[in-house]
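**Q** Residues per chain, in single letters:
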Amino acid sequence: MAHSTGKIIGQRILGAIPSVIGVIIVTFLLTRALPGDPAAFFAGPAATAEAIAEVRATLGLDKTLPEQFFLYLGDLVRGDLGTSLTTGQTVVYDLATRLPASLELTLAGLVFAIALALPLGILAATKPNSWVDHGVRLLATAGVSLPTFFTGLFLIYLLYYRMGIVPAPLGRLDILYSAPPPVTGLYVIDSLLAGDLALFWAAASQLFLPAVTLGLFALAPLARVTRASMLGMLSSDFIRTARASGLPPRQVLFGYAFRNAMLPVITTLGVVFSFLLGANILVEKVFAWPGIGSYAVEALVASDYAPIQGFILTMALLYVVLNLLIDLLYVVIDPRAGVEA
Amino acid sequence: MTSTTFQHTRYVISENLVTFGAFALFLVLTLFAIFGEAIAPYDPLASNAAAALQPPSAAHWFGTDQLGRDILSRVMVATRLDLGIAVMAVALSFLVGSLLGTCAGYFGGWSDRIISRCIDTLMAFPLFVLAMGLVAALGNTVANIIYATAIINLPLYTRVVRSEILVRREAGFVEAARLTGNSEWRIMARHLFPNVLPVMMVHISLNMGWAILNAAGLSFIGLGVQPPTPEWGIMVAEGATYIVSGEWWLALFPGAVLMMAVFCFNLLGDGLRDLIDPRMRT
Amino acid sequence: MRRRRLIQTSMGFAAGLTLAGGLKACSSDDSASTSSSAPAETAEGGAESSDATLTVVQGGGFPNSLDLHRVGTNRPAYGVSWVMYDRLMTFGKKTLDDGSISYDYTVLEPELAESWEMAEDGMSVTFALRPDATFHDGTPVTASDVKWSFDRAVSIGGFPSFQMKAGALENPDQFEVVDDQTFKVNFLRPDKLTMMDMAVPIPVIINAKLVEPHLTEEDPWGAEWLNSNDAGSGAYTIKEYQPNERIVLERFEDWKSGPLPQIKEVILLNVPEPGNRRALLERGDIDVNFTVSEKDQTELDATGNFTVISTPIENCLYSVDMHANPQLGGEDNPFGDVKVRQAVSYAIPYDAIMDTALYGQAVPMYGGKAQPDTVAWPQPSPYTTDMEQAKALLAESGYPDGFETTLAFDTGTQEWAEPTVILIQEALAELGITVNIEKVPSANFRSVLVEKSRPMIINNFGGWLNYPDYFFFYAYHGQDATFNGSSYKNPEMDTKIEAALASEPGNPEYEENVKGFIEMAWQEVPRAPLVQPQLGVAMQPNVSGYQYWFHRQLDFRQLAKA
Numbered sequence: 000m001a002h003s004t005g006k007i008i009g010q011r012i013l014g015a016i017p018s019v020i021g022v023i024i025v026t027f028l029l030t031r032a033l034p035g036d037p038a039a040f041f042a043g044p045a046a047t048a049e050a051i052a053e054v055r056a057t058l059g060l061d062k063t064l065p066e067q068f069f070l071y072l073g074d075l076v077r078g079d080l081g082t083s084l085t086t087g088q089t090v091v092y093d094l095a096t097r098l099p100a101s102l103e104l105t106l107a108g109l110v111f112a113i114a115l116a117l118p119l120g121i122l123a124a125t126k127p128n129s130w131v132d133h134g135v136r137l138l139a140t141a142g143v144s145l146p147t148f149f150t151g152l153f154l155i156y157l158l159y160y161r162m163g164i165v166p167a168p169l170g171r172l173d174i175l176y177s178a179p180p181p182v183t184g185l186y187v188i189d190s191l192l193a194g195d196l197a198l199f200w201a202a203a204s205q206l207f208l209p210a211v212t213l214g215l216f217a218l219a220p221l222a223r224v225t226r227a228s229m230l231g232m233l234s235s236d237f238i239r240t241a242r243a244s245g246l247p248p249r250q251v252l253f254g255y256a257f258r259n260a261m262l263p264v265i266t267t268l269g270v271v272f273s274f275l276l277g278a279n280i281l282v283e284k285v286f287a288w289p290g291i292g293s294y295a296v297e298a299l300v301a302s303d304y305a306p307i308q309g310f311i312l313t314m315a316l317l318y319v320v321l322n323l324l325i326d327l328l329y330v331v332i333d334p335r336a337g338v339e340a
Numbered sequence: 000m001t002s003t004t005f006q007h008t009r010y011v012i013s014e015n016l017v018t019f020g021a022f023a024l025f026l027v028l029t030l031f032a033i034f035g036e037a038i039a040p041y042d043p044l045a046s047n048a049a050a051a052l053q054p055p056s057a058a059h060w061f062g063t064d065q066l067g068r069d070i071l072s073r074v075m076v077a078t079r080l081d082l083g084i085a086v087m088a089v090a091l092s093f094l095v096g097s098l099l100g101t102c103a104g105y106f107g108g109w110s111d112r113i114i115s116r117c118i119d120t121l122m123a124f125p126l127f128v129l130a131m132g133l134v135a136a137l138g139n140t141v142a143n144i145i146y147a148t149a150i151i152n153l154p155l156y157t158r159v160v161r162s163e164i165l166v167r168r169e170a171g172f173v174e175a176a177r178l179t180g181n182s183e184w185r186i187m188a189r190h191l192f193p194n195v196l197p198v199m200m201v202h203i204s205l206n207m208g209w210a211i212l213n214a215a216g217l218s219f220i221g222l223g224v225q226p227p228t229p230e231w232g233i234m235v236a237e238g239a240t241y242i243v244s245g246e247w248w249l250a251l252f253p254g255a256v257l258m259m260a261v262f263c264f265n266l267l268g269d270g271l272r273d274l275i276d277p278r279m280r281t
Numbered sequence: 000m001r002r003r004r005l006i007q008t009s010m011g012f013a014a015g016l017t018l019a020g021g022l023k024a025c026s027s028d029d030s031a032s033t034s035s036s037a038p039a040e041t042a043e044g045g046a047e048s049s050d051a052t053l054t055v056v057q058g059g060g061f062p063n064s065l066d067l068h069r070v071g072t073n074r075p076a077y078g079v080s081w082v083m084y085d086r087l088m089t090f091g092k093k094t095l096d097d098g099s100i101s102y103d104y105t106v107l108e109p110e111l112a113e114s115w116e117m118a119e120d121g122m123s124v125t126f127a128l129r130p131d132a133t134f135h136d137g138t139p140v141t142a143s144d145v146k147w148s149f150d151r152a153v154s155i156g157g158f159p160s161f162q163m164k165a166g167a168l169e170n171p172d173q174f175e176v177v178d179d180q181t182f183k184v185n186f187l188r189p190d191k192l193t194m195m196d197m198a199v200p201i202p203v204i205i206n207a208k209l210v211e212p213h214l215t216e217e218d219p220w221g222a223e224w225l226n227s228n229d230a231g232s233g234a235y236t237i238k239e240y241q242p243n244e245r246i247v248l249e250r251f252e253d254w255k256s257g258p259l260p261q262i263k264e265v266i267l268l269n270v271p272e273p274g275n276r277r278a279l280l281e282r283g284d285i286d287v288n289f290t291v292s293e294k295d296q297t298e299l300d301a302t303g304n305f306t307v308i309s310t311p312i313e314n315c316l317y318s319v320d321m322h323a324n325p326q327l328g329g330e331d332n333p334f335g336d337v338k339v340r341q342a343v344s345y346a347i348p349y350d351a352i353m354d355t356a357l358y359g360q361a362v363p364m365y366g367g368k369a370q371p372d373t374v375a376w377p378q379p380s381p382y383t384t385d386m387e388q389a390k391a392l393l394a395e396s397g398y399p400d401g402f403e404t405t406l407a408f409d410t411g412t413q414e415w416a417e418p419t420v421i422l423i424q425e426a427l428a429e430l431g432i433t434v435n436i437e438k439v440p441s442a443n444f445r446s447v448l449v450e451k452s453r454p455m456i457i458n459n460f461g462g463w464l465n466y467p468d469y470f471f472f473y474a475y476h477g478q479d480a481t482f483n484g485s486s487y488k489n490p491e492m493d494t495k496i497e498a499a500l501a502s503e504p505g506n507p508e509y510e511e512n513v514k515g516f517i518e519m520a521w522q523e524v525p526r527a528p529l530v531q532p533q534l535g536v537a538m539q540p541n542v543s544g545y546q547y548w549f550h551r552q553l554d555f556r557q558l559a560k561a
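Residue numbers (numbering that gives the first Met the number 0), protein chains in the order written: chain Z, 0 to 340; chain Y, 0 to 281; chain P, 0 to 561.
If you are wondering where the hints come from, they were derived from the structure by calculation, not from laboratory data. A few of these clues could be false.
[Unchecked claim] Distance condition first, Cα-Cα at most 20 Å in a straight line; then the derived EDC-like pairs of lysine to aspartate or glutamate:
1) P:Lys208 with P:Glu169
2) P:Lys164 with Z:Glu53
3) P:Lys164 with Z:Asp36
4) P:Lys263 with Z:Asp173
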């Protein structure tokens, strides 16, 4: 099995190389096709033609496209993603500080979605075609039908502005707190590691609303897969056998059916995670969440090339890694998959 | 065949009122898309400074916006544009995706490898950012929003069609067609592709909802259609700034209609899935 | 010869100022920083210092560097630099007619320099530094730090050097260390702007010894290190710096260059959603909302629970610019016809724009006298909404049946510009002019301005210095600067502008020329003025001390919280 795992990793990574190269080229071309002249933009409004030319030279934008591309590649090889003109920091620094924020939000959204989708899915599967089943389906579909920015703003209005039961939408921490010493980069976990419960509570309560907003969006696929997978399991022979042999229904449901129904759910989880990571851009913008999504949007609006390139490349790599993880997880859960691969 | 389909349909509808409701909603939306402009109570573009930011009333059921335009009329008229964007985008990605997927699935070999590689590359992009980048680069016109939405949906169609074709490539009826002297293209167009269509319908319906959301998201970032064209996403995005100051109707009504439309397409997709293959229901 | 030189230098300064001020400088919804304070008594004097923490939110841009000499440093960054660093001198303050406080550019006051003395020949100035002033690391501020900082500003290139040059500060040789406490600036030529230019945000005094270890061959001025590190002697130190997210400033207890600020800690937060900023203020979670839309200014003020101060932005105008050349993009341009421009100026629904787009939070720039009787700028143009007049003018023009055209605006100014263009579109349709609206992303709008490729744009231009000749030099002069959105070229106009630039205010020749070019601008209307915008700030009632600055950022040092 170790052998096959290694082989999967190797195959996956080799197979991803052309895609990543494609992403690099397309992104480069896309940024250069953006309207507006970054030199004119960053030189300031009253800059003279010479001042703009000077800034253009500083930014290396006076070179031909192929030259710029090879310079970019050279920097990339050295791990240098350039500097963001919008934030004034290197792109590597920005991504490194912001990626954990996005991951934390996405993971929290996912946890919320799982916590809701699994019971709902199981409930629907135990009573197929009942009103419960239809209700679950309607609820999940409604979740995926909401524009996240609309849900987010509405929840802020209701729960913060009107009722005051959630903290202000001010990013990852309330203004009184400072970030915990970074270990994982996820404030919720780092604060626990630091043993600071107040900080944990502060981070968790900031996380609540954006995570719910994002999680609602992930409810539908998870609930559906859970339901389908459970339905399949419950009608399978071995469950019937277990039932027939008089095992308690709870044990049949959770002990046997649920455990075996998890495989497709976990696969879907991976897909949903990578989808959410891309979809949280709008949620980040609404909640002033300092993640990489809002970062990319700002860079795009300013035609700031380096951060856009860095962001898309990071996301592409994440996508590759995530797919790899899903495959490996498959192997762990279902050893047959590994043998086949 | 026809009568069994009919019976099956009737069975599905009677078993599933939700889908029936969704279908009715779809009809209403279509009616608004066609006749919205004619039945709208006010000119959706006419401003009226004296009636700015009025809450819902008998005269203005959905209230008025910051320029005194009637929100109900704007929402109604926007139906055509929003559905239009979704339909065009989905149709475009369906056509191109099907073509690519059929080629990849049927011919295999190099064409498969090249097409699959390209699609893999596309999949590796954060898709919403790619759409944003495309619209920003090409300019924010309706056509470009459609192209961008179509491109990011392309992988889905290509992949589904490819795998469906792959399964059927060696099937008996294909072999039979080949033996009776049909050309490759004819086999693909007349024999293989029609078999894939039902499965694709489900994806199309689900995808329509997603395309509407995508266009709305682009509007929220500021990459939507040009003002003063009414469009749900822009209306929600611009109305959102008024929520806190108490003018909730600016965002709520277009948002609710937007949600209903997406909801409707998602439920329809589910229903279609039941219709085509009850076992597929998830 | 002398006249010509003066023109050049004056132009230079104006350029620098406007450059720093920024294109969006004019719009109040632009990136801003915060500050606030009621027009009343402020915490003057260190005796009142307290442990108060001030929480400020801003949107539409967040300080993106601690080094304002860097390429791409945005305007909000001036607010942080302003309190983190000292300059040799600062400006005085005055009370405006409405009771609010503003800086006074006619008065220079000591900051890091205790005193200064002009040479008898007027060709140099000698500054005596405060003997007790120290940098944040405790080392004393010496004249060699000052020299290094000035050298950096004139040598690093880009905007800072440009701004320094505007005050005839061009060459490191001009700066002389006399002794540890004495710094001398030699003038290249007499220039009325030199002294002022040393009090603007650019010539900050940097701790040269602290930066020294970080200097490299490629980076001789330590730009990389200073970008995210504090090397100042100002009233506040950087306690926490999370780019684009939050900045925490802490009072520097040993600050000697002015009265110790009352606020001990300032927390500056980036909140992009305007609705959230308002909600935060209304919920009492923050003290100051510096980026307030016109609508929120009106409504927050109406609640009576907050201190809302709106100051008209000096020398700034929102306008509709119409491309004035006979040809545009190789085609005949209707706006080349002055009758068409006048017709449009009479068709604009000014009052509706004022009410629905700006919620009354601006100074109307229409419905004035036919001829200017003062040299104040901006002042209302004679145009009002008069459809009959507009139709008559269009009938007399070369386009009696109207035409199709495009009106572009910057997405960054969407809040007021979008309703404005829609109202204009509607009004011009009555004249038979079909207007297509084009919403241009901010990054691209700069290029639109530079290229002058659109027939009509919504422009918002303002300069730092409150002189009409500077405004006109950038907005109406045939040099065709970025802000001449109509690409207007008229030698007669140029002559008047240059003559005004070359003379001093108060001089009859100056007055005559200024009134002359203002009147000409009204007759020719390459730009139809709409309003003078206001810079708004909304604060909790216990916050006081707000002062309007030409850089349009908050000065945290002046704020106090009860």
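**Q** Would you mind marking each hint as holding or not holding in the structure?
**A** Hints, verified against the model:
With a CA separation close to 23 Å, the supplied pair P:Lys208 and P:Glu169 exceeds the 20 Å bound. As the CA atoms of P:Lys164 and Z:Glu53 are separated by approximately 16 Å, the hinted pair is consistent with the 20 Å bound. For the given pair, P:Lys164 sits about 25 Å from Z:Asp36 by alpha-carbon distance, which is inconsistent with the 20 Å threshold. This hinted pair checks out: P:Lys263 and Z:Asp173 have alpha carbons roughly 19 Å apart, not beyond 20 Å.
Hint violations for this structure: numbers 1 and 3, all remaining hints satisfied.
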